[in-house]
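There are 2 protein chains.
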Amino acid sequence: MDVRTEISPSEAGTILTVDLEAIVANWQTLRMVCGEAECGAVVKADAYGLGLNPVVKALYEAGCKTFFVAHAFEGRATRAIAPLATIYVLNGMRPNTAPLYADFNLIPVLCSVPEIEDFGQYCAVSKRRTPEGGLLPAAFRLETGLHQLGLKPYDLEHGSHLSHLFDVRLIMTQLARVKHEAVITKQIELFEAMRTTKYAHVPASIAHSGAIFLEANPLYDLVRPGYALYGGNPVPGRPNPMKPVVRLESQVIQVRILEPGERVGEDQSWVARGPRRICTISAGFGDGIPQSLTKTKNGAGGFVISQGKRCPYIGSVGMDLVAVDTSDSGYVERGDIVELIGPTITIDDFAAAAGISGYEALTGLGQRCHRRYQKL
Amino acid sequence: MDVRTEISPSEAGTILTVDLEAIVANWQTLRMVCGEAECGAVVKADAYGLGLNPVVKALYEAGCKTFFVAHAFEGRATRAIAPLATIYVLNGMRPNTAPLYADFNLIPVLCSVPEIEDFGQYCAVSKRRTPEGGLLPAAFRLETGLHQLGLKPYDLEHGSHLSHLFDVRLIMTQLARVKHEAVITKQIELFEAMRTTKYAHVPASIAHSGAIFLEANPLYDLVRPGYALYGGNPVPGRPNPMKPVVRLESQVIQVRILEPGERVGEDQSWVARGPRRICTISAGFGDGIPQSLTKTKNGAGGFVISQGKRCPYIGSVGMDLVAVDTSDSGYVERGDIVELIGPTITIDDFAAAAGISGYEALTGLGQRCHRRYQKL
Numbered sequence: 250m251d252v253r254t255e256i257s258p259s260e261a262g263t264i265l266t267v268d269l270e271a272i273v274a275n276w277q278t279l280r281m282v283c284g285e286a287e288c289g290a291v292v293k294a295d296a297y298g299l300g301l302n303p304v305v306k307a308l309y310e311a312g313c314k315t316f317f318v319a320h321a322f323e324g325r326a327t328r329a330i331a332p333l334a335t336i337y338v339l340n341g342m343r344p345n346t347a348p349l350y351a352d353f354n355l356i357p358v359l360c361s362v363p364e365i366e367d368f369g370q371y372c373a374v375s376k377r378r379t380p381e382g383g384l385l386p387a388a389f390r391l392e393t394g395l396h397q398l399g400l401k402p403y404d405l406e407h408g409s410h411l412s413h414l415f416d417v418r419l420i421m422t423q424l425a426r427v428k429h430e431a432v433i434t435k436q437i438e439l440f441e442a443m444r445t446t447k448y449a450h451v452p453a454s455i456a457h458s459g460a461i462f463l464e465a466n467p468l469y470d471l472v473r474p475g476y477a478l479y480g481g482n483p484v485p486g487r488p489n490p491m492k493p494v495v496r497l498e499s500q501v502i503q504v505r506i507l508e509p510g511e512r513v514g515e516d517q518s519w520v521a522r523g524p525r526r527i528c529t530i531s532a533g534f535g536d537g538i539p540q541s542l543t544k545t546k547n548g549a550g551g552f553v554i555s556q557g558k559r560c561p562y563i564g565s566v567g568m569d570l571v572a573v574d575t576s577d578s579g580y581v582e583r584g585d586i587v588e589l590i591g592p593t594i595t596i597d598d599f600a601a602a603a604g605i606s607g608y609e610a611l612t613g614l615g616q617r618c619h620r621r622y623q624k625l
Numbered sequence: 250m251d252v253r254t255e256i257s258p259s260e261a262g263t264i265l266t267v268d269l270e271a272i273v274a275n276w277q278t279l280r281m282v283c284g285e286a287e288c289g290a291v292v293k294a295d296a297y298g299l300g301l302n303p304v305v306k307a308l309y310e311a312g313c314k315t316f317f318v319a320h321a322f323e324g325r326a327t328r329a330i331a332p333l334a335t336i337y338v339l340n341g342m343r344p345n346t347a348p349l350y351a352d353f354n355l356i357p358v359l360c361s362v363p364e365i366e367d368f369g370q371y372c373a374v375s376k377r378r379t380p381e382g383g384l385l386p387a388a389f390r391l392e393t394g395l396h397q398l399g400l401k402p403y404d405l406e407h408g409s410h411l412s413h414l415f416d417v418r419l420i421m422t423q424l425a426r427v428k429h430e431a432v433i434t435k436q437i438e439l440f441e442a443m444r445t446t447k448y449a450h451v452p453a454s455i456a457h458s459g460a461i462f463l464e465a466n467p468l469y470d471l472v473r474p475g476y477a478l479y480g481g482n483p484v485p486g487r488p489n490p491m492k493p494v495v496r497l498e499s500q501v502i503q504v505r506i507l508e509p510g511e512r513v514g515e516d517q518s519w520v521a522r523g524p525r526r527i528c529t530i531s532a533g534f535g536d537g538i539p540q541s542l543t544k545t546k547n548g549a550g551g552f553v554i555s556q557g558k559r560c561p562y563i564g565s566v567g568m569d570l571v572a573v574d575t576s577d578s579g580y581v582e583r584g585d586i587v588e589l590i591g592p593t594i595t596i597d598d599f600a601a602a603a604g605i606s607g608y609e610a611l612t613g614l615g616q617r618c619h620r621r622y623q624k625l
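Chains as they are written, first to last, in this note's numbering: chain A, 250 to 625; chain B, 250 to 625.
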């Protein structure tokens, strides 16, 4: 069932509003910050859960020429929307998938010697060429300190013996999170040392959303923001330079006055300390609301906004329901809308209250919501 | 983009196998345990993330006659697969949605006086009837201690003045989690007191997956298991009476030997204490792998299974990548398959390692996987 497109606003438990103009504005802001470097866009995981098709369409029409995805199937979906874009597939190349890259004009980011051998062999045997008649394109991902994925110096040396079989268009690496600035500095030194051995003339890319704002950081030729495009703060602890992109709302199903001592939720964790006015809203972990938002007892977790007031989540987050304490809000009734994420509660606030990263929170939203694309 | 159906196994980061025969077997087990009571099936949130269409089809063909969903749109999807089934919509009735219930022959579970008034008014004004010519059906949800949703005794008294406008087919309540057995006992007393005022002749339903196995618990006329159908353990702390239903697998992208002192992941949290053999697998929080699986330092979180050996997650879980320490496993190479959930690591184990509920873990899976339906 792909219920998403069939959900009308009136029957939806949650409504996710995505502001495509804000995504484009964020991309333009990042492009300005980046100066000479080209600004691409990371649209993996369904554009961080916000919808690959509309996001790619908006950015492509705004002039974005380069997209990054994790998987070949995401690359194919991007190609359908952006026929002339450059599309890099970051997660390496699975065995037996080389033809897909040629068929859809996707660029594999080769991460290991076996991948280089695999793709090189395919290029040699198939003799396939780009539409312009050149060798098939590829990129190299260098390992500079995260030890997750990429070529070490000896891998690069080894792999370079096969690199005449394809056209190396980009040299890249993945940096640590911005708070590890000393680590990033070392990563850049290593990256610089590796690329200058043989690939100094090849365009380079290292900067994710956060790294774009690190002042000492070289941006090279191409930057690849993701989270910042979608309104997440790329510089934690400092004011967010990005526009908010998402609003998540839900409906009040029921209003209930509780007496002191009454408990709320399947886990019976929350106890009314005095008379409280509780609302149950039509949202739960089935909508991407983490159960950890209420893990701390008696409301020290997250909040929703009802009539401009912060109302804490209470009890346990169910699959479809969660209660909030609206005692300090105004008159509330069935059908009223509350804000879970939006102008007041940013995606970073929401994630922090749940004890998870903003990336994870954003990507988990909206599988069951009514999703609409309009200006916030 | 609905990428799910387009993802071939060779290019997928994760493969989710759902055993529909096991779901049916679990339903039959539950039906036996329930004796005289009818056994329905809860299929909300896309059948706990496993696919509403195939799950409803399998259960309907096996003889399941009653389905529970949270939202009207889920009810419509269920109706398309199960033309003659009884379908209850649990999350109350949104304003202005009453006609949907009549159009698709769905039964609203009315949770508050405003909902009763709303539905009663619709029935009176529209004069709509069931295909058999009777009043439109409805159910009442009673509030017995969770304080999330349902009618208190005075609401039921009030609402009963309108209940001649529709046909009350079911009286239900939602019980606390099974570890709160004393709470459940009190809930049942209250439920019993409320239903006997006027609705003693109406079929009743109280039991979720866990409550079915509470020995002192009356099951009334209709039980509504969810999590247990999908292989989750309904009796935490005791052997799981259900068959496993899901397997989640991923591919090894890269194998890397680390030297002592080298760190892994964007957050640099994990440090190799000696020479280690690390694999990066093509799965991350974009696939429903919670970042909290590696929150504890140096591998005290979750595990994957590689060649029969438990290999801890290390570093941080990225959107698309996570590293595991395969030093104690056999020879591993690019393209090898590891088990994230399956015969060895149950959905309950996986969730416990991440510090979340099995319900939340299950529902979060598989938005980006290749999903296949076959026997485990």
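It is possible that part of the hints are untrue.
If several chains are the same, the list does not tell them apart, and a pair holds so long as it fits within one copy or across any two.
Derived lysine to aspartate or glutamate pairs resembling EDC-like cross-links, with alpha carbons at most 16 Å apart [as the list claims (entries may be wrong)]: (1) Lys314 with Glu464; (2) Lys492 with Asp597; (3) Lys401 with Glu508; (4) Lys401 with Glu511; (5) Lys435 with Glu511; (6) Lys401 with Glu381; (7) Lys624 with Glu508.
No lab work stands behind these hints: they were computed from the structure.
Hint by hint, here is what the structure shows:
When the C-alpha separation of Lys314 and Glu464 is checked against a cutoff of 16 Å, the pair qualifies neither within a copy, at 25 Å, nor between copies, at 64 Å. In this homomeric assembly, Lys492 and Asp597 come within 16 Å of each other (Cα to Cα) only inside a single copy, at 13 Å, whereas the closest approach across copies is 39 Å. Proximity of Lys401 to Glu508 under the C-alpha cut-off of 16 Å is restricted to the inter-copy arrangement: shortest distance 13 Å between copies versus 64 Å within a copy. In this assembly of identical chains, Lys401 and Glu511 lie within 16 Å of each other by CA distance solely across copies; the values are 13 Å between and 60 Å within a copy.
Taking CA atoms no more than 16 Å apart as the test, Lys435 paired with Glu511 passes between copies only; the shortest distance there is 13 Å, against 56 Å inside one copy. For the identical chains of this complex, Lys401 and Glu381 are neighbours neither inside a copy (32 Å) nor across copies (73 Å), given an alpha-carbon limit of 16 Å. When the C-alpha separation of Lys624 and Glu508 is checked against a cutoff of 16 Å, the pair qualifies neither within a copy, at 41 Å, nor between copies, at 51 Å.
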